[in-house]
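Work out the full structure: start from the sequences and follow the hints.
Protein chains in written order, with this note's numbering: chain U, 1 to 113; chain H, 1 to 112.
Don't read these hints as lab results, they were simulated from the structure.
Misleading hints may appear alongside valid ones.
Said to hold, decoys possible - Mimicking SDA-like on lysine to any residue, the simulated pairs with C-alpha atoms at most 25 Å apart in a straight line are:
hint, chain 1, residue 1, chain 2, residue 2
1, U, K11, H, G41
2, U, K15, U, H29
3, U, K11, H, Y39
4, H, K69, U, N100
5, H, K61, H, V31
6, H, K58, U, K11
7, H, K111, H, V11
8, H, K49, U, S97
9, U, K11, H, E88
10, H, K71, H, V31
11, U, K11, H, K111
12, U, K57, H, N96
13, U, K11, H, H43
Values in this document were obtained by computation on a predicted structure and should not be read as measured data.
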Amino acid sequence: GAGVSQSPSNKVTEKGKDVELRCDPISGHTALYWYRQSLGQGLEFLIYFQGNSAPDKSGLPSDRFSAERTGGSVSTLTIQRTQQEDSAVYLCASRTSGSNEQYFGPGTRLTVT
Amino acid sequence: AQSVSQHNHHVILSEAASLELGCNYSYGGTVNLFWYVQYPGQHLQLLLKYFSGDPLVKGIKGFEAEFIKSKFSFNLRKPSVQWSDTAEYFCAVKSNTGKLIFGQGTTLQVKP
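Here you go:
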């Protein structure tokens with residue numbers, strides 16, 4: 001079946017602009033995660049949605065970062081007033097309830113110039 | 001704090017050589033451990049996982065890993081690597097909130 005999809009695959013933006021990154025999880029997966037992969041920082045957790053529960057936002061690096069998940073499916077990660085240090089690959093993963101295995105999408109490569 | 005440490009950052013091997021990538025974790029609860037692989041230009045894929053039971057787990061493409069509780073380790077092994085194993089390998093532990101905590105990754109380069 002279809003895997004996790006993310007769009008856009010690449011995004012180049014100017015410093016100070018806002019960006020939105022989209023994640024479509026696997027159908028039926030109740031849990032959705034955002035991670036960031038950057039040079040020198042490895043893979044970092046950002047935020048986690050599980051069903052209708054309040055999201056775990058403990059990994060968001062600043063208040064410029066926010067995410068929402070509409071209808072328990074699609075999620076959007078928004079970065080306001082982007083900075084050069086936000087340049088990274090943003091990964092989305094989803095998981096079905098009762099399973100510990102997360103399935104990752106291809107990521108969005110964000111470059112802030 | 002929960003953490004994962006991968007000792008080897010960059011490994012270069014010739015084809016047919018044996019591979020062992022180290023992974024140590026710091027976590028006091030029930031451990032769920034993973035190895036993920038990222039081939040060049042591709043997304044993260046699960047290589048193998050340990051939840052409970054036999055501490056020696058076998059994954060795809062001939063990889064295996066051994067969970068040693070006393071050493072807080074989950075090292076990845078393969079008896080004979082191939083050029084196609086060139087990739088970045090990540091060890092991860094699942095936290096009690098469900099998120100994955102990753103190690104810094106190991107880049108494996110296999111020379112033909």
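Verification of the supplied hints:
1. U:K11 <-> H:G41: holds (16 Å)
2. U:K15 <-> U:H29: Distance ~34 Å between K15 of chain U and H29 of chain U Cα, so the pair is violated.
3. U:K11 <-> H:Y39: With Cα atoms ~21 Å apart, K11 of chain U and Y39 of chain H stay inside 25 Å; holds.
4. H:K69 <-> U:N100: The given pair, whose Cα atoms are some 19 Å apart, holds under the 25 Å limit.
5. H:K61 <-> H:V31: holds (24 Å)
6. H:K58 <-> U:K11: violated (38 Å)
7. H:K111 <-> H:V11: holds (11 Å)
8. H:K49 <-> U:S97: holds (17 Å)
9. U:K11 <-> H:E88: holds (23 Å)
10. H:K71 <-> H:V31: holds (13 Å)
11. U:K11 <-> H:K111: Answer violated: K11 of chain U to K111 of chain H is near 33 Å, above 25 Å.
12. U:K57 <-> H:N96: holds (15 Å)
13. U:K11 <-> H:H43: Cα-Cα ~17 Å, so holds.
In summary, the numbered hints that this structure violates are 2, 6 and 11.
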